[in-house]
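**Q** In the order they appear, the protein sequences are chains E and P.
One point on numbering: in numbering that gives the first Met the number 0, the residue at position 150 of the first sequence is 149, and numbering is uninterrupted.
One point on numbering: in numbering that gives the first Met the number 0, the residue at position 122 of the second sequence is 121, and numbering is uninterrupted.
Careful: at least some of the hints might be erroneous.
DEER-style ranges, computed between Cβ atoms [claimed, not checked]: (1) Leu27(P) to Gly126(E): 21 to 27 Å; (2) Leu14(E) to Val172(P): 51 to 57 Å; (3) Glu120(E) to Leu119(P): 36 to 42 Å; (4) Val141(E) to Ile42(P): 56 to 62 Å; (5) Leu27(P) to Gly187(E): 51 to 57 Å; (6) Leu242(P) to Lys109(E): 39 to 45 Å; (7) Phe59(E) to Leu119(P): 32 to 38 Å; (8) Arg113(E) to Ile31(P): 33 to 39 Å; (9) Gln83(E) to Met110(P): 23 to 29 Å; (10) Ser110(E) to Gln36(P): 43 to 49 Å; (11) Glu28(E) to Ile308(P): 51 to 57 Å; (12) Arg113(E) to Val24(P): 50 to 56 Å; (13) Ser183(P) to Leu14(E): 53 to 59 Å.
Think of the hints as simulated: they come from the structure by calculation, not from any bench.
Every residue gets a Cβ at the ideal spot worked out from N, C-alpha and C, and that includes glycine.
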Amino acid sequence: MLLKLEEVSKAFKGLMAVHAVSAEVHEGEILGLIGPNGAGKTTLFNLITGVYPPTEGRVFFEEKDITKVAPHARCWMGIARTFQLVRPFPELSVLDNAAMGRVYGRDPIKSRSRAETACLESLEIVGLTGRASEKAKSLTLVDRKRLELARALAAKPKLLLLDELLAGLNPSEVLTSMQLIKSIRDMGITIIMVEHLVKAVFGVADRIVVLNAGELIAEGTPAEVSSDQNVIDAYLGKSLRV
Amino acid sequence: MKTPAGGQLSLWKPSRRWSGPGLIVVVLAFAIVFPQQIAQDNIWNLFFLMSLGITMGQSWNMLGGFAGQTSLGHAGFFGIGALVTRTLWLHGTPFILALVVGGVATATFAMIIGAPTFRLRGAYFAIGTLAVAEVLRITVAQNRPFISTMPGDMIASYSLPARYWVALALAVVTTGAAYLLLRSRWSLGILGVREDEEAAQASGVHVLRHKLLALALSALFMGLAGGVFAFKQISYYPEAPFLPTFTFEAMMIAYIGGVGTVAGPVIGGAFFVFVRERLAANLTDVHQVIFGVLFILVVLIFPGGLLEIWERLRRLATRRQQGGPRASGPSPEEEGL
Ligand SMILES: Nc1ncnc2c1ncn2[C@@H]1O[C@H](COP(=O)(O)OP(=O)(O)O)[C@@H](O)[C@H]1O
Ligand SMILES: [Mg+2]
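Okay, chain E solo, but in the shape it has when bound (with noise of 0.2 Å):
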């Protein structure tokens, strides 16, 4: 097992943005992490990546409790994420963006040149190669989003974690990005992918993980998760029906 989440929960000065969830993620799959604006989804990638503790509960990855690893230390581990709201370095070229992880990601590259030239591959992966020397600041949403993709590759990761990757963009270049999650999963890297788009997530996931007010109301595959009753009344009714 690749992740582990015991028990977790987050209170933000008594809100329970995360209650009590357990959940594992296998290695090799596309575990795709749903439910309403509010349930908790990102706070639960945050509790994965480091950005602040549980208020309860561990975190395991690889067998290792890492509850209490700093973020930078997930990262040399082989946890990357990208952002729901694109955080790409915006003054620095795309090169450096991607560069980044490559440098300090896990099983870093010392030299720069060396890592430079490492990481164009991920940068070929999301198909940014041709703009390594323009600022990030300058790139479509889209191709930002590529962007922060191709710098959480570039680290190496052995867990992926993606928020809300698909959003915002138009059919064509969703269908291109699910095809991507694809290959990258089949790169070896394990995925969680946290989406809105339930069409989508159910097409590429082999399970999906159901979050409601924080709590992990449901489990299993798309299938079983698309006709379980309490999913159809919190999330799915409410949304797009499947």
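Position chain P with the ligands against the provided structure of chain E, taking the given hints into account.
**A** Then chain P with the ligands, alone, in the frame of chain E:
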């Protein structure tokens, strides 16, 4: 296809045309030959101050421009460097050794206060650094109330050009260090911290370590600048180099020249000191107004400083001449034309 080297250059975009080897040789040759040709005290003095200004600007820029940590306490570093260097030197230590010890002592002090100070963010960090520097200044003023004057034999053999050569060498070394820092892999993390701490952390950047690295280098060179100040002044109150003026000058030089670049503090240092010395000679207080206005202009309209203003003018001029973009830069604006 864009090569990795092309990408690296893009980080250099604002300064690369300025940092061409040819231009460096010309500027250095001028800085070496011109004062010797004129051979007047006021010119040696002007060039000394310009060199010192460049060093201070580079120092401030390493922390404020590269790492994005706005310090209002650099006078504290300047003062420590001056105090340690002066004390050792007047007690018989060879000057160069005293200078190095002064610089290292400053960097060490910065490391000690760094970890707690970096718990503060943004404006709180700025105010925290100002507080540390002011506490230092007041402490020194109370414990060293008497003016420090060079002994008579030193004054008798005092050579202004010797001061200038030391200051020039330091400006060159500091600028070289800023250049190397920006090309190193460490700069990726330092710039990443400036751009977005949380995103940098998520990419594996140890934020505190990179802030401390930028701080150590910044303090080292500010301390060395203080040591050179102590080497030049025949007499001064030990409190003087701790005065906030030195912080603001360092910051203004970085901003006016072009913050976050290597060429910026060079241009800013030369320009700032030249204007200050020229105007100070005639119209006592006008230069402060001018710098105030310039500073606000830079912050509000030309965040890239003189470097950016020059780039825009030059682009405008070449566009007029050739009716098209120059074939050099792959910048978005130029591509879009
Ligand atoms: N840093 C924070 N401080 C206070 N409240 C927060 C913070 N982050 C999230 N929340 C709250 O926690 C709840 C879950 O938020 P979030 O995890 O962003 O939901 P989701 O990503 O599922 O839309 C929301 O009510 C949100 O307002
Ligand atoms: Mg969210």
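**Q** Please write out, lowest number first, the hints stated earlier that are contradicted by the structure.
**A** Numbers 1, 9, 12 and 13 - these are the hints that the structure violates, sorted from lowest upward.
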